[in-house]
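K.L.:
Listed here are the chains, written in short residue letters.
2 protein chains.
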Amino acid sequence: MTAADPAPASPAPQHGHAPKQDRSRVTRERILESTIEALAERGWQATTTTVVAERIGISRGALQHHFRTREDLFLTALDAMFERNLQLTMRDEERLPDGDERFDVLVARIMDYYTSDAFTAALHVWTAAAGEPALRDRILPLEAKFARGVFEQAVELLDADISDERTRRLIQLTLDLARGLGLADVLTDDSARRARIAKFWAGELRSIKRR
Amino acid sequence: MTAADPAPASPAPQHGHAPKQDRSRVTRERILESTIEALAERGWQATTTTVVAERIGISRGALQHHFRTREDLFLTALDAMFERNLQLTMRDEERLPDGDERFDVLVARIMDYYTSDAFTAALHVWTAAAGEPALRDRILPLEAKFARGVFEQAVELLDADISDERTRRLIQLTLDLARGLGLADVLTDDSARRARIAKFWAGELRSIKRR
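So the protein sequences, as listed, match chains A and B.
Per full-length UniProt numbering, the first sequence starts with residue 1, numbered consecutively.
Per full-length UniProt numbering, the second sequence starts with residue 1, numbered consecutively.
Keep in mind that the hints were calculated from the coordinates and are not lab data.
A virtual CB, placed ideally from N, CA and C, is assigned to each residue, including glycine.
Mixed in with the good hints there might be a few duds.
Claimed, not checked - Partial pick of chain B residues on the chain A-facing surface, computed with a CB cut under 8 Å:
#: 1; residue: ALA46
#: 2; residue: LEU123
#: 3; residue: ALA178
#: 4; residue: LEU183
#: 5; residue: PHE200
Unchecked claim - Which bits of chain B does chain A cover? Going by a derived footprint, with three or more residues having C-beta under 8 Å, they are:
#: 6; segment: 136-143
#: 7; segment: 184-195
Please model the entire structure based on the sequences and the hints provided.
P.N.:
This is how it looks when you write it as structure tokens:
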């Protein structure tokens, strides 16, 4: 299983070892979720592997069986949670309305993506990484990958013609804006203001060129 | 001297005690600058009062003569640096061109404001504050004050008619966008991309209503 694999639902057991493998997979999944929660709530410094293990009632050794280092744990957790959020909030095309409302819903979803626990957790790792080059070198490709993922989904769902420069820039700018709003939300509940901005920005975005 | 006072240049000595007061003021100023540099370079955790004192070759006791607690030091330093940056980058109306170029220069200045050392330092305090309610309660009004300051300066310098809702929102959104771009710049030099976005956004902003 690579770091990018978001731990899919287990298939039905096919041989005698499967139940044990299932348990291991469930534990791994709980470790990743607990890591994101702890990072979002308590920040980088306070989120030790011991704290994460304690939150789900396993030993530090059991945790280290799954993740050798704290950096491995954090990066795998962020990767898995961003991927899951991307699936949940962006790729659910069936629930997207057509017409002008499509812009409202999609902009709101992008902004949700940047105010999730995963974003808050990433922000803590991000600022900690500013002083740690080894960590920075690992988190930069992760951030680039997910920014690209959101961008590509937005282009697809809006049927945007990104050969048009203004269209491309407006969508890119939506992500930079969402990141700024996500940061504003870390210390205070900025959701009411953000909802107004999302609505306004969706209106502006309707002027993009569509395919 | 209040926390909001950005330590103006000293007047000429007028009595016997002035040189000593000057020295004290200069030391205070150096402490504040050193605090911002240390926070921007090394982050919240590594920036202790001892580290700040060592950077400018004074004792920890001498530093504590000026600032009783680490929180006082950090908040005063952020306040002073943001105020100084606001003066330097925003209020320098004489160097602002007229016409369309005015938008280019002003948007670039706003984005510079959010990529300064003071912003990076604030980001570290900001994320640390997420887990420390007492600190959070002190940094929120500071952030609100400076966001308002930048907004008001932008409105004035662009002669913007903010009774028009779209105009008001576009200027507000410029700050949220700048914050998002500032965050992107913390781990990597994002200046080339940011310059293109600033140029593009200045073009969009030209559609605001002016007084």
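K.L.:
Work down the list of hints and note, for each, if the structure agrees.
P.N.:
Against the structure, the hints come out as follows:
Because the closest C-beta pair between ALA46 (chain B) and chain A is about 6 Å apart, less than 8 Å, the hint holds. Using the Cβ-Cβ criterion of 8 Å, the hint placing LEU123 (chain B) at the interface with chain A is satisfied: the shortest such distance is roughly 6 Å. Taking 8 Å as the C-beta contact cut-off toward chain A, the hint placing ALA178 (chain B) at the interface holds, the least distance being around 7 Å. At a threshold of 8 Å, the smallest CB-CB gap from LEU183 (chain B) to chain A is about 6 Å, leaving the interface hint in force.
Because the beta carbon of PHE200 (chain B) sits about 5 Å from the nearest beta carbon in chain A, less than 8 Å, this interface hint is met. Counting residues of the segment 136-143 of chain B whose CB lies closer than 8 Å to any CB of chain A gives 4, so the stated coverage by that chain holds, three being the minimum. Three residues within the 8 Å Cβ limit are the bar, and the segment 184-195 of chain B against chain A gives 4, so the coverage statement holds.
In the structure shown, no violation is registered for any of the earlier numbered hints.
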